[in-house]
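Colleague: Single-letter residue listing:
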Amino acid sequence: MAENVSNTDVSAAAGASNGAGARPARTLVVVSAGLSQPSSTRLLADRLTTATVDRLTEKGVQPSVEVIELRDLAHDITNNLITGFAAPKLQKALDALASADGLIAVTPIFTTSFSGLFKSFIDIIEPTALTDLPVLIAATGGTERHSLALDYAVRPLFTYLHAVVAPTAVYAASSDWGSGATGAGPASGHGAVAGGGASALPDRIARAAGELTSLIIASERSSRVIDPFALPAGFSPVGGYGAQ
Amino acid sequence: MQFGLFSVSDVTADPTTNHTPSEHDRIKDIVTIAQKAEEVGLDVFAIGEHHNPPFFSSSPTTTLGYIAAKTDKILLSTSTTLITTNDPVKIAEDYAMLQHLADGRVDLMMGRGNTGPVYPWFGKDIREGIPLAIENYALLHRLWREDYVNWEGKFRSPLQGFQSTPRPLDGVPPFVWHGSIRSPEIAEQAAYYGDGFFANNIFWPKEHYMQLIGYYRSRFEHYGHGTAEQAIVGLGGQAFMAKNSQDAVNQFRPYFDNAPVYGHGPSLEDFTEQTPLTVGSPQQVIDRYASMREYFGDYQRQLFLMDHAGLPLKTVLEQIDFLGEDVVPVLRKEFAENRPAAVPDGPTHASLVAARDAAEVAAAESMVASADVASAETVASLSSEGK
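Quick mapping for you: the protein sequence lines, in order, are chains A and B. 109 is the number that my numbering gives to position 102 of the first sequence; each next residue is one higher, with no gaps. 795 is the number that my numbering gives to position 382 of the second sequence; each next residue is one higher, with no gaps.
You can take every hint at face value.
Calculated pairs, EDC-like style, for lysine to aspartate or glutamate (alpha carbon to alpha carbon, straight line, at most 16 Å):
# : chain 1 : residue 1 : chain 2 : residue 2
1 : A       : K99       : B       : E620
2 : A       : K96       : B       : E686
3 : B       : K656      : B       : D700
4 : B       : K727      : B       : D442
It should be emphasised that the hints constitute simulated quantities derived from the structure, not laboratory data.
Assemble the whole structure, with the sequences as input and the hints as a guide.
Modeller: Structural data, given as structure tokens:
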């Protein structure tokens with residue numbers, strides 16, 4: 008976990024910006040559920056990360072990135088399902104998510120849905136830990152016929168957790184990695200493609216990164232104070248009737 | 414400082430022999446285990462309450478009443494009593510009864526249980542777990558302290574002029590602990606009443622329980638029961654011992670690997686590193702548990718889980734011997750060292766009666782003192798009026 012994405016060097020990005028003084032900082036967490044090494048899932052995650060970091064930097068925001076490779080946590084995730092607690096490395100990942108300003112979540116599509124490892128990881132996250140979290144969802148698969156899995160499986164998952172899912176979800180089939188950027192407009196992102204046909208992968212990445220960037224800039228999650236002992240509103244240690 | 418055992422009452426196959434004891438065997442064994450605990454000088458024996466297999470302990474007061482008759486000194490407790498699905502009136506009656514028969518050697522620990530379907534089996538809703546724990550205990554607390562109770566709540570039928578019998582022994586209710594593994598509401602409840610708080614501490618990393626106990630201590634002080642360091646804290650623990658630590662590891666590994674709770678999950682090595690489970694020589698157990706107060710502060714009760722995961726009775730009794738003869742005597746000394754005088758011992762019936770009597774004497778004295786002041790003031794005002 009926490010290897011740096013080579014092409015999202017934060018200090019270089021900061022140096023390239025023209026922002027003066029203290030720039031707002033935002034934390035971006037990337038979850039990649041690819042199983043092979045190298046994996047196209049991680050490749051897509053890296054492309055999305057680079058695009059998002061670039062956009063954030065353009066907007067004068069200082070991004071820091073933490074990448075969570077679920078493959079490296081697979082045993083800890085299984086153990087957590089069994090014992091109910093996270094080993095230290097996994098806990099660090101869960102803590103990073105709880106205080107992130109944005110999430111890029113990328114899973115391979117297996118048997119019409121997110122991978123089992125991806126879902127197991129989601130299952131051990133505290134139910135309220137992703138509330139208000141801006142999320143870019145993305146997936147990889149062998150054929151583009153599974154692209155809707157993002158919208159019927161992955162999107163409802165994060166909606167249930169009260170995360171804010173960006174409208175554009177990015178699906179990369181094997182064939183996408185060999186396609187050119189034809190049909191792409193200028194790399195400015197938003198709605199760059201005219202016409203009703205499928206846009207090329209770089210355009211979809213740019214559009215999704217743009218949407219996530221706007222959501223991240225508006226997020227205040229990383230500056231929130233998380234109080235694990237906050238009592239529910241109106242809680243009384245004697246109950247509603249006990250003091251009678 | 415009180416040391417003892419707590420049992421979850423599981424009936425589990427011994428993975429080394431594939432032998433599964435009968436319920437009858439386990440029920441009779443638990444009596445032997447409690448007697449053994451007293452024999453080696455432990456202070457507390459606690460048993461859980463469950464309403465589904467593989468657990469046998471559905472009726473703790475029956476078990477504890479029988480053990481009370483077979484023992485003389487050991488304090489009998491629960492781990493835990495389901496405050497959610499039991500009728501608080503029946504808890505008040507059952508445990509007051511047990512308290513009399515055991516001559517005060519009884520306290521109990523409230524818990525919410527670990528099996529979802531128990532709620533509907535007893536006509537309750539699991540989503541009401543916390544409100545049930547809060548309201549039911551509020552009633553139980555009154556039933557033991559007020560002779561005639563008028564009550565109306567959300568979860569049980571109302572009471573008019575109800576008196577639970579028998580009244581608590583010497584007019585002093587059994588001490589109550591509240592057990593929780595994650596709910597700040599329960600820590601808050603324990604602090605509000607000045608009751609004890611118990612962290613089972615066996616399945617998760619200690620850091621988690623340190624936060625919860627730290628919270629309970631600060632709230633105990635907030636509610637005016639004493640300083641944070643005087644809050645009444647209990648911890649669970651888990652150990653397996655042999656003279657040589659590698660023997661302990663070899664002997665315990667098949668039980669660990671197949672244990673109902675953590676079996677087929679993390680390795681024994683990872684689990685012992687990440688949780689308080691200690692597998693090794695008695696000295697290793699001493700070192701591990703002597704360090705607990707550095708993390709949790711000076712505390713009052715340390716319970717160990719010993720009979721579980723299919724360990725045969727003979728092995729369990731050997732483990733209790735290690736605990737009573739090698740570990741606890743040293744831990745008693747270690748815990749006594751540098752323990753602040755203000756930190757109380759674990760509550761007993763005798764200490765609660767003494768505290769009650771002292772409070773009554775103090776109240777009477779302050780009444781006399783204020784009466785003196787009042788009469789002096791009257792004299793003063795009369796004499797000033799006279800001028």
